[in-house]
Amino acid sequence: MSGLLKRAVDLVVVMLCVATMVFVLLRAIPGDPVLIMGGLDNIDAAAVERARTEMGLDRSLPEQYAIWVGALLRGDLGASLRSGSRVGTLIAEALPITLQLGGMALLIGLAISVPAGIAAARRAGTARDAGITALAIVGISTPPFVIAMALIYLFAVVLQALPTSGYVPFAEDPVANLRHMILPALTLGLVAAGVLVRMMRRCVLDELGEDYVRLARSKGIPESQVTYRHAARNAMIPFVTIVGIEAGILLSGAVITETLFAVPGLGRLMVDNINQRDYPVVQGAVLVTAIIYVLINSGVDALYAILDPRVGARARSRGE
Amino acid sequence: MTSIHARRDILKAGGVALAAAGLPLAIGGPAQAQAAGGTLRIGVQENFASLDPYKRIGRLDYNGVINVFDTLVTYGKDYVPQPMLAESWTLVNPTTWRFSLRKDVVFHDDTPFDAAAAKYSVDKARAGQFGSQFRAISEVIVVDASTIEVRCSAPFPTILVQLAQQYASMVSPKAYEAAGDNFGRQPVGSGPFKLQSFEPNRQLVLTRNDKYWRKDAQGRAMPYLAGLTWRVMPDGETASLALQNNEIDFLYAVPLAFAGVLARNANLVVDEAPTVGWEYIMFNCSTAPFDNRHLRRALQLAVDRQAIVETVSFGRARPAFGPITPGSWAYDKSIETGGLYGARAAKDAARRELAAAGVPNGFEFTLVHPSSSTFNAMAQALQAQLGEIGVKVNLQGKQIGAVLDDLFGSKFQALMIDWGGRIDEALVFPAFFGTGGGNNFGKYSNPEVDRLVAAAGEAPDIAARSRLYQQAQKLITEDSAHVWLTVPSEIKAYARRVRGFVNFGDWRLRAETITLGS
Amino acid sequence: MIALAPSADLLRRIFASPMGAIGGALLAIVLCAAILGPLVVAGDPLRQFLRPDRIFLPPASDALFGTDNLGRDVLARVLAGMRLSLALATAAVAVGLAIGAALGAFAGLVGGIADRIIVRAMDALMAFPVLILAIAVAVAFGRGPQGIVVAVAFVNVPIFARLARSQTLRIVAMPYMTAAEILGCSLWRRLWRHLIPNLFNPLIVQGTISLSFAVLIEAGLSFLGLGVQAPRPALGLMIAEAKAFIGIAPHLVLFPSLGIVAIVVALNLVGDAFAEATDPRRARP
Chain L
2 MSGLLKRAVD
12 LVVVMLCVAT
22 MVFVLLRAIP
32 GDPVLIMGGL
42 DNIDAAAVER
52 ARTEMGLDRS
62 LPEQYAIWVG
72 ALLRGDLGAS
82 LRSGSRVGTL
92 IAEALPITLQ
102 LGGMALLIGL
112 AISVPAGIAA
122 ARRAGTARDA
132 GITALAIVGI
142 STPPFVIAMA
152 LIYLFAVVLQ
162 ALPTSGYVPF
172 AEDPVANLRH
182 MILPALTLGL
192 VAAGVLVRMM
202 RRCVLDELGE
212 DYVRLARSKG
222 IPESQVTYRH
232 AARNAMIPFV
242 TIVGIEAGIL
252 LSGAVITETL
262 FAVPGLGRLM
272 VDNINQRDYP
282 VVQGAVLVTA
292 IIYVLINSGV
302 DALYAILDPR
312 VGARARSRGE
Chain U
33 MTSIHARRDI
43 LKAGGVALAA
53 AGLPLAIGGP
63 AQAQAAGGTL
73 RIGVQENFAS
83 LDPYKRIGRL
93 DYNGVINVFD
103 TLVTYGKDYV
113 PQPMLAESWT
123 LVNPTTWRFS
133 LRKDVVFHDD
143 TPFDAAAAKY
153 SVDKARAGQF
163 GSQFRAISEV
173 IVVDASTIEV
183 RCSAPFPTIL
193 VQLAQQYASM
203 VSPKAYEAAG
213 DNFGRQPVGS
223 GPFKLQSFEP
233 NRQLVLTRND
243 KYWRKDAQGR
253 AMPYLAGLTW
263 RVMPDGETAS
273 LALQNNEIDF
283 LYAVPLAFAG
293 VLARNANLVV
303 DEAPTVGWEY
313 IMFNCSTAPF
323 DNRHLRRALQ
333 LAVDRQAIVE
343 TVSFGRARPA
353 FGPITPGSWA
363 YDKSIETGGL
373 YGARAAKDAA
383 RRELAAAGVP
393 NGFEFTLVHP
403 SSSTFNAMAQ
413 ALQAQLGEIG
423 VKVNLQGKQI
433 GAVLDDLFGS
443 KFQALMIDWG
453 GRIDEALVFP
463 AFFGTGGGNN
473 FGKYSNPEVD
483 RLVAAAGEAP
493 DIAARSRLYQ
503 QAQKLITEDS
513 AHVWLTVPSE
523 IKAYARRVRG
533 FVNFGDWRLR
543 AETITLGS
Chain G
88 MIALAPSADL
98 LRRIFASPMG
108 AIGGALLAIV
118 LCAAILGPLV
128 VAGDPLRQFL
138 RPDRIFLPPA
148 SDALFGTDNL
158 GRDVLARVLA
168 GMRLSLALAT
178 AAVAVGLAIG
188 AALGAFAGLV
198 GGIADRIIVR
208 AMDALMAFPV
218 LILAIAVAVA
228 FGRGPQGIVV
238 AVAFVNVPIF
248 ARLARSQTLR
258 IVAMPYMTAA
268 EILGCSLWRR
278 LWRHLIPNLF
288 NPLIVQGTIS
298 LSFAVLIEAG
308 LSFLGLGVQA
318 PRPALGLMIA
328 EAKAFIGIAP
338 HLVLFPSLGI
348 VAIVVALNLV
358 GDAFAEATDP
368 RRARP
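Residue numbers (the numbering used here), protein chains in the order written: chain L, 2 to 321; chain U, 33 to 550; chain G, 88 to 372.
Hints in this document: simulated from the structure, not taken from any laboratory. Any given hint could turn out to be false.
[Claimed, not checked] Sample of chain L residues at the chain U side, in silico, Cβ under 8 Å:
no., residue
1, Ala-128
2, Ala-131
3, Ala-151
4, Ile-153
5, Gln-161
6, Ala-263
Using N, Cα and C, we set each Cβ at its ideal position, and we do this for glycine too.
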């Protein structure tokens, strides 16, 4: 129990550090946000001053920080400087979209990587293995925006089959929603598959080298059964932790992909607002992303410890 | 294209009394009897900002405004003012205009359009972003429920073109008072469409105003469409592909690189019209280095416009020789050969200007520009051309919003952007080149130009106005307040089933005449 | 025992494996192309030819990789871009490695409060989505290559710090370290003769892997318009500008993409081969 409490405290401390870092980083960016944003509407001196007071930009930095942290602990993420909308609302609108994108990408990545990884491990050292590994390496070496443009060119220019940008809410039209999300999800999924294939292959190979596999083989159990029923299953345990980390990366808002495909998710929210110095929105979005990241990692750690008692024991003996 | 002769008629002094009550605008109904209805899906590449006609909003926003609001006066493809919410007008005396208003107009919130609403709206326009255009107006009086009188401090013959602009739209006073600063998100006008939903970064949805006052020549109710959906698609390329894939029906601004591809598509219509605007560089004349006239002139002379037109603009533009464009009634073709500069660079003359400024080996400055494909290419092309005379250009490409921020705050040395153009020089010269003008963010000032422009605003006939604007243009180009680069074309593309769209060349999508075939 | 530098034996093992061999060969090609290429190839990456007959030339015409929308030679630009990517990535990873390793080793040696603070700070940095952190730093530092170098270095510091710290903890607990201390070896001597050489291999392995990510991050940042400004050729920037012409000149997207992929694949292959060769647990194929 104390371990769990310790983890929770750790989490809070890390979040506080993240919040501080975000605050400092954003304030380091030159440019007065009020003037930068005031440009598009009537520039009215009184309105500018009012905005400045509202946002607390006239107070000293330590004061601003105190206000920020205080609000955070209350769960208040502030309001957008630009539109006045609550940051919480903006994030609540963007988050499900990013989650959907990340989820679809992860599914695609798993659907490709699990069978491919097992196939490569079964024929380790052969041409098939080399071929799959080569594809995987190309997958992780290609920037997502390049994959995106290749997909756009293929599906939109050549085949003229899918929409190339934009977003339709699921509630409004599920089919259109999926049609719009498939290309960005495929982009991220292919990159994820590249990482996951090699991990799956490695995990399965590790299992295939274990004693129990040799035992099973010597008992005459067919190779395919050994691979699928025993090695692959056991390989899922360490594999899950890697998937967890990859999920964190995916969910962190595939910034460029969202921008390219005009998907209004969390990543795009951050980028759109960084240039406009809309501090509260960026702070809130980055914080939420970091929380998701850390939660997933912590969850994966805990899951691993539960699934594999050896890991838990080793960790405890090391006093971590 | 534009008819100089028609314009001459309308701009005769003494005003024009148009006695046609209930005169429908000069359009016919659809060629065949087509079913009304359908939603037109339009792709645009910028975000919306606001639909408040009196605030500083962008060209795209004005397209929303023109469909949601009406104005007192409007114009046709020939740019000749025609009645809209004002059925007729007379010039009571040289400084007083009297407008007789339609009695059958109702705002989207069911409040009536009357003289009080008209006065409210005109006063709002006078206090808005383009209030300086209405400087000559001293007072607006409600004579009776459907008549207003506009009293001016000086003759104001261009009042009709000014009232035809979106920044003089008629708004519902009740709604404006209630919404205040929020009116831009909840606009209420009397136009053919009303607001259904508005997400500035994603889409604008308008639906048919069933109580619209206008009927077509066959007496049918307008508009024909059931609604408009404007979709923000930041990528010009993917927007073009969306049009080809039938995800949208209408592409508001076709990226130049795709014009040829779309034109070859049998299902699409590519509509190209020269504009009366420019792609240009505005100098900040109030700070170094461009407070020095010679340096401005050096850049003006060193640019090879023909090369830019042929490559960056894909041939779909013309070199710009000054603020008056070929489509304007004030255009004098002789400027193409006899002006300060020609279509090609005059590098020796440019170097002489540098020497006169004391920097014969060149100098350095920063150029701000939108980071769109065309402007990126244009900026880099200019950078190379200016490098040939030793001028080092530091490029700062930014999102259009950030560029506009720099522009409106005069935070630039030189800024490259485009200008959509206006149907009358009176809407351009005072704003851009008059001291303190609404678009004069470069703080250019020349008292002689002010005098000429003021005189042109009050001159009796079109020939006199033409002469005065040309004289002003000469001074302005000699001063090189801007570097005028090209006169771009406005290229639209849409599916063949979209009928009834008329391209005025003024960057406005007037949707009330559009029908969707099958 | 102690390895001061990748021994000849280690190098042989790296490049003997198929992955290492291919990767090594590709890396050699990439390096030659990037470093020597601009000297050998005639085109000027910045020279424009603003004429309708010189723009958008397809590949294998006058220009091997074709020309872009301003008539510039694509081959020259891709080679210059590859050089830039490698230079920026190397600088960034070097800085990140130096700072991170110093921080991590310090934390491992000193322990106590300083250790706890550093660990928390590194955890917090790693909790940031990588690209967002890079974007924020790049925007804060303004445009230009220095912003990219700082951003990518920033992102790498926690990785190297964690690695250095865990390695330091492991090494310090080794018997020979205690023995050296008992024998009267000064702290400095112990560091120099024992700690640093043993940190070397894992840091280099991680460094190679980080290099490949650094190139990808740099490509992403320049795709977003941060970092090196036009008209200088950065591969990501070239792809971003070429996007507008994908319908009429896809080769403008293809060649810079191949440039990035070639570099990153080469780095990944070599890095993986290195990791496998130095990791005792991975003796199996």
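Tested hints:
{"no.": "1", "hint": "Ala-128", "result": "violated (38 Å)"}
{"no.": "2", "hint": "Ala-131", "result": "violated (37 Å)"}
{"no.": "3", "hint": "Ala-151", "result": "violated (14 Å)"}
{"no.": "4", "hint": "Ile-153", "result": "holds (7 Å)"}
{"no.": "5", "hint": "Gln-161", "result": "holds (5 Å)"}
{"no.": "6", "hint": "Ala-263", "result": "holds (6 Å)"}
Hints 1, 2, 3, counting from the list given before, are not met by this structure.
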